[in-house]
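With the hints as constraints, model all of the structure from the sequences given.
Residue strings, one per chain:
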Amino acid sequence: MAIERLFIANRGEIAVRVVKAAKVLGIHTIQAHSEADTEMLAVKLADEAICIGPAPSKDSYLNIPAILEAAKTTRADAIHPGYGFLSESPAFARAVEEAGLIFVGPSADTIERMGDKVAARQAAEAAGVPVVPGSDGRIDVTEALSVAEKIGYPVMIKAAAGGGGRGIRIAKDEAELKTLAPQAKAEAEAAFGDGGLYIERAILSPRHIEVQILGDGENAVHCYERECSLQRRRQKVWEEAGAMCLDDATRESLCASAVALAKAVNYRGAGTLEYLYDEAANEFYFIEMNTRIQVEHPVTEMVTGVDLVAEMIKVCGGAKLSMTQDEIQKTGHAIEVRLCAEDPYMNFMPWPGVVSTLKEPTGEGVRFDHFLSEGYQIPPFYDSLLGKVIVHADTRDAAIDKLVNALEEMEIGGTKTTAALHLALASDAEVRAGAFHTQWLEPWLEDGNLSATKGDAA
Amino acid sequence: MSDIQSPLPGTFYHKPSPEEPPFKAPGDAVAIGDQIGLIEVMKTFIAVNAEVAGTFKGYSVEDATPVTAGAVLAELD
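Going down the list, the sequences are from chains A and B.
For the first sequence, full-length UniProt numbering begins at 1 and goes up steadily by one.
For the second sequence, full-length UniProt numbering begins at 1 and goes up steadily by one.
Any given hint could turn out to be false.
What the hints assert, rightly or not - Restraint-style ranges between C-beta atoms, simulated for each label pair:
(1) Ser17/B x Thr179/A: 19 to 27 Å
(2) Ile64/A x Ser17/B: 19 to 27 Å
(3) Glu69/A x Glu20/B: 31 to 39 Å
Treat the hints as calculated values from the structure; they're not laboratory data.
We put the beta carbon where it would ideally sit given N, CA and C, even for glycine.
Put into structure tokens, the structure is as follows:
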């Protein structure tokens with residue numbers, strides 16, 4: 001059954017992205033919004049809009065009964081969850097399925113399985129995908145010590161039910177593990193109601209590489225890899241497609257491993273397999289799967305020409321994949337930077353102002369995904385992502401140059417943004433050389449590299 | 001008497017956490033720099049501190065209420 005009336009249960013820039021993709025497919029769009037989001041761009045662009053509750057996320061974008069009621073009222077036949085909020089909630093996907101609607105994503109069972117670190121790891125191993133040496137299943141504090149002895153220190157302790165970097169600790173030796181494991185257990189119990197732990201060898205200073213996959217429930221393809229090593233507080237700030245550090249043979253086996261896992265779990269929709277890459281050893285290890293569209297999906301779209309959001313809507317409506325692996329070709333290099341309503345010179349303090357002026361970056365190979373308009377009060381109730389500037393060029397060098405031009409052309413008045421951070425990064429010699437890893441950006445900021453460029457970038 | 005205003009738009013909280021008592025109660029002495037509440041803005045919590053000294057009269061908005069920048073949060077005598 002092809003989707004005809006799509007309900008978008010999200011906000012911000014991804015809601016705009018989904019509305020636009022659905023419209024191109026000729027699908028009627030219904031945008032959900034909280035009381036604080038009546039003025040947002042996706043509400044204006046959608047065919048219709050409906051309020052799902054008060055400003056706090058728990059009363060609106062996380063309120064499953066309210067969303068289902070609104071979807072029923074507006075006669076939607078499918079729900080797109082975007083990213084964040086309920087996009088990876090098996091309970092939500094199941095409730096949507098049970099209400100007789102299509103969830104634009106994989107089945108609730110797949111979300112549940114891949115959302116559990118231990119089950120995801122087992123699925124990966126079964127599909128022949130390399131994983132970081134670690135515990136075979138969820139373990140308690142005593143077992144952690146014997147497993148760590150076997151796999152070797154340093155080890156990383158994680159909550160088995162966790163996500164988004166919460167509950168993660170690194171122990172350099174047995175003494176540290178004895179102190180940290182009980183803390184991790186207590187925190188996991190408090191945060192997730194599940195004190196199960198999981199430990200693995202800590203790969204220090206790895207690069208973060210991920211593979212975009214698409215599946216229709218039977219077949220699966222990859223759309224190559226992205227590198228997202230520039231992170232602050234485990235949040236990605238700058239993403240690229242492809243990963244310059246990989247040789248062709250490694251890239252091929254990495255992408256093939258992602259397809260093998262996607263096929264093994266009968267994946268439907270768009271998904272991402274995240275890996276740590278140990279550059280010195282030229283080894284990659286699967287860490288987790290994200291069963292949703294991701295913030296950084298545009299860089300993949302730029303280098304492959306595939307519309308990932310449209311494709312996920314089509315396959316979830318029952319269509320087969322519209323392309324074969326051979327038809328997915330990669331050209332040039334793309335970079336995305338995340339613009340957040342934060343003051344990079346004030347320790348990234350959130351700063352949600354009223355947009356007084358908006359001048360979008362333009363030009364061939366430049367894309368600006370956002371939800372801003374002049375006069376718009378950025379709501380303070382949600383995360384600070386305002387949009388993304390994406391550039392595509394023949395080479396990585398040319399892409400960085402194009403990024404600088406785009407950021408200099410862009411003007412967002414009335415609010416703070418992190419544009420200055422990206423300009424400083426773009427002018428850094430190590431960033432230009434691609435010589436970074438996931439532990440690179442925070443020390444760079446602590447060393448004052450951003451404030452040193454303030455005169456030029458502010 | 002003076003007002004304490006919100007430095008940012010966000011959600012204003014009287015208490016450090018839901019289980020704890022409010023930062024200040026009516027009649028409490030307030031010194032410059034004393035914390036009187038929290039503003040949650042974009043998933044970050046920012047302290048609201050008194051910029052003048054006085055005696056706490058009361059909160060002007062309910063706990064966990066959305067506020068705009070410049071909104072009066074509390075009054076001092």
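Verification of the hints:
A C-beta distance of roughly 25 Å is found between Ser17/B and Thr179/A, which places it inside the suggested range of 19 to 27 Å. Hint check: Ile64/A to Ser17/B, Cβ distance near 26 Å, so the stated range 19 to 27 Å holds. At roughly 35 Å, the beta carbons of Glu69/A and Glu20/B sit within the given window of 31 to 39 Å.
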